[in-house]
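Engineer: Chains as they are written, first to last, in my numbering: chain U, 1 to 206; chain L, 1001 to 1703.
No lab work stands behind these hints, which were simulated from the structure alone. Each hint should be verified, as a subset may be incorrect.
[To be verified] Computed footprint of chain U on chain L, listed as stretches where at least three residues anywhere in the stretch have a Cβ under 8 Å from a Cβ of chain U:
no. : region
1   : 1266-1280
2   : 1646-1658
[What the hints assert, rightly or not] From the derived model, a few chain U residues whose C-beta atoms are all more than 12 Å from chain L:
no. : residue
3   : G53
4   : G98
5   : D121
6   : R134
7   : A140
8   : R174
Given the structure is predicted, the values throughout are model-derived calculations rather than measurements. C-beta atoms are modelled at their ideal positions from N, C-alpha and C, and glycine is treated no differently.
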Amino acid sequence: MSLQRRHPGLNLGAAHQEADDASEVLVFGFWVFMMSDLIVFGLLFATYATMLGATAGGPGPRDLFDLRSAFVETMLLLASSFTFGMASLALKYRRDRGRLLFWLGLTLALGAGFLGFEVHDFLAMIAKGGAPSRSGYLSAFFALVPLHGLHVTAASLWLVVLTVQSLVFGLDTRVKTGLLRLGILWHFLDLIWIGIFSFVYLAGLA
Amino acid sequence: MSGGATWDPLLGRLGLDALPFWSMIEHPTRPEIVNGSIATAAASVVVLGALAVVVLVTRKGWWRALWSDWLTSVDHKKIGIMYVVLAFVMLARGVVEAVLMRAQQAFGLGGGFLSPEHFGQLFSTHGTIMIFFVAMPFLSGLINFVMPLQIGARDVSFPVLNSISLGLTAAGAGLVMVSLVVGRFSTGGWSGYPPFTELAYSPGVGPDYWIWSVTLSSLGSTLTGVNFAVTIYKQRAPGMHLFRMPLFCWTALCTSILMIFAMPPLTVATLLLALDRYAGFHFFTTTLGGDMMNYANLFWLFGHPEVYILILPAFGVFSEVFSTFSGKRLYGYSSLVAATMVIAVLSFTVWLHHFFTMGQDADINAAFGIATMTIGIPTGVKVYDWLLTLFRGRVRLTTPMIYALGFTVLFVVGGLSGILLANPTIDFQVHNTLFLVAHFHNMLVPGLLFGMLAGYSFWFPKAFGFRLDERWGRISALAWIVGFMLAFFPLYALGLLGMPRRMVAFFQPAYLPWTIAAGLGGLVILFALFSLVVQLRVSVGAREANRVPVGDPWDGRSLEWATAAPPPEYNFPVLPEVGSRDPFMTAKEAGAAYQEPEAYEDIEMPANSALGALLCLCGGAAGFGLVWYLFWLVVPALAVALGALIARSFLRRTTRTIAAGEVRRTHRHWLAEVSRTAAVTRAGECDVRNRGRAVPAALEAAE
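Could you put the whole structure together from the sequences, leaning on the hints where they help?
Structural biologist: Now the structure itself:
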């Protein structure tokens, strides 16, 4: 029965019977919710694309973007996806809270590093006259990219909450199913960032 | 803030001029007094109505019951009922506003009695209320109540989330009601088009009321869609394959999928508009690169699928009504399922027909025009399936059936005018006229409201255990049908005569006979609403005579009729095993209904939660704070909401157990009631003989 897949993505399997049963509905529901969230990002990407030319005489990508910083952000977030993957494996195979918390802590640190660089970028853009109220183009930028950052912030908060819960309750079913869902969100945000790095930063400077 | 307007850190933008009578005190001219009096009367109704409810609940000592049995309940049936109550309250306001607008136009030759500002608020609130706070809650309520019963589930997949969705919707509705008392609503129509709704052209609080009430409601609806879809995919009883589901569940599934994908564009549109208004962004402004066409696309990417979100559940209701009241299984089940799915998919391919005149080239318009006409095909399939369901059936002209028949005829008329509008060349002639207003009311009144009212009459006995008064029900249904025709058919003529929509007054005498006819239609609709109230009053008074405790008053076919009326909290003592379509009818015909299960088990049900009620308060407070720039209110409201969500996640005991013994006792009590009750044939369906046990139609001949 260990081959039964209850939902797309990492399944906890028969060794975690109760959490595996509970995840069928919870994780499936979260996938559905993610589809809805994907629509939000899709629309903001589309809006950004239509407003590329709407700089209204203000600064554009070449004046504002710092590719080095965006590259560092990309590496941080990709690395955090890897460490979250290690956390998921630790949860599934090791059942060892210490190892799990080590990887989660590393993920949180990488996420925080990403956010730090991102906020620094935004402030630098505004300092160069690239505030969102300057043009339609900058409005579209500041709706799309910070919304991703806001998602990373929310996901980090969720990570902290789950960490505290795992310390209070141990690795119970609620913590396990929470980590499964947070994992989906974390990797989803990684994918969105790849879109942002490619279409906003690389294409903007190309 | 880029608003430039001054605002106080404590009071925000609140001032005495926010009161509806302030302007007429400051400028006591005749028009000011007329408009001020109407606004003040409306505000008084809201305030007095709220006070009356508080006084009634206090005097009857209902606070505890209201809190623990309703507001904190996560039972899908109670949440469904609360949605429908919300819809009816808002319907009353929406209809009164409609009648006021028809009256204004009946007197509108050369002026009328309302100011343009007042008239603008009326059509904006009317549309916003009818779509977001009547239609959406009504259909969410019906699906909530009926769908889990029909698929043989104990509740939805996420019961607390369900309660949160209701809370967010109610908070949005509350904001619209508050706008009647404090400040003004938007004059930008239900679609809130910028640049008119931008700060530069609408500096007041109106568009902000619109933005936050619609945003709250759209968030609630997105979560509702997720919840319903997951419930249908994951909670079906053993043997209830997708293709054994009642058609209402199929339409609920398609509507949920549409909600998941079509509500986010609305949320994005309203929040981007909010960024423009609050933070000086330039998405849709006329300066610095803003482009309102992005708004038109975003809004109608939501707006067109929304039409099918509204109409599909009504199609589901009519499918149940036609087959039940014809005593036949539904004709062409598979084709109805396919047609529903096709409509759901096509609904994402036609949004541009809402703005044919806004500058695309002819080829694009033609493509979207053809796509629009294509929707007529699956809809036509449905109409034929319903007619063939009637054919040679044991047809009874009960209240739901009257709505269904009225719908069939009128909806085809509305569909034909839609095919006309789908042709861009015709659309160019009649766009922005009353022809359009006639068309979409012709779709939504028969295609949504009739469906919801039919569902209300159909499932009311299941929800409350007694039948509604049939006489007043029929009077009301006929009054809705006649009133609708009288109120909206003249608008087709007016549109062809060139009368623009949303105009407060006109100077063309040829319009007058038509506007007067439409005004009279408005009065008939007002009577229809009144007779619904009378029907409820009469039915509650005569409830002892009309009880249907066995729970199957209409010789029903699907599982919701296989349980008591009202059903126990856990719906079914043991989850049913389904072996066919129309499982309850199959069981009745085989004499296998009303069986005692071999064994009873403890049932685990979700425990009550105050989270929905709390988020309703937080959402409403945050919305109100944002409208009036009371940021000291917004921050704590959002912080409390976030804190409550986190605190809830620390809760480990979220269910309570109902002991097998109690389930057995309740079930045996009901089975004893069943065996005491004489089964009634369809001839006795609408009188006191009907105690909710039916002789199945197939066996009636033998009886």
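Engineer: Between the region 1646-1658 of chain L and chain U, see if three or more residues pass the 8 Å beta-carbon test, and mark the coverage as holds or violated.
Structural biologist: Our answer is that it holds, as 4 residues pass the Cβ test (under 8 Å) against chain U, meeting three.
Engineer: Would you assess whether R174/U, listed as outside the interface, keeps its beta-carbon beyond 12 Å of every beta-carbon in chain L?
Structural biologist: violated, 7 Å
Engineer: Quick one: work out the minimum CB distance from R134/U to chain L and report holds if it exceeds 12 Å, violated otherwise.
Structural biologist: violated, 7 Å
Engineer: Quick one: work out the minimum CB distance from A140/U to chain L and report holds if it exceeds 12 Å, violated otherwise.
Structural biologist: violated, 7 Å
Engineer: Classify the label on G53/U as holds or violated, using whether its beta-carbon is more than 12 Å from each beta-carbon of chain L.
Structural biologist: Label violated. Min Cβ-Cβ 8 Å, cutoff 12 Å.
Engineer: Would you say D121/U is clear of chain L, with no C-beta pair closer than or equal to 12 Å?
Structural biologist: Nearest chain L Cβ is 19 Å from D121/U, so the label holds.
Engineer: Minimum C-beta separation from G98/U to chain L exceeding 12 Å: can you confirm that?
Structural biologist: It holds; G98/U is separated from chain L by about 22 Å at its closest Cβ, greater than 12 Å.
Engineer: Quick check: the region 1266-1280 of chain L, covered by chain U? Criterion 3+ residues, Cβ under 8 Å.
Structural biologist: Coverage by chain U holds here, the residue count being 7 at a Cβ distance below 8 Å.
Hint violations for this structure: numbers 3, 6, 7 and 8, all remaining hints satisfied.
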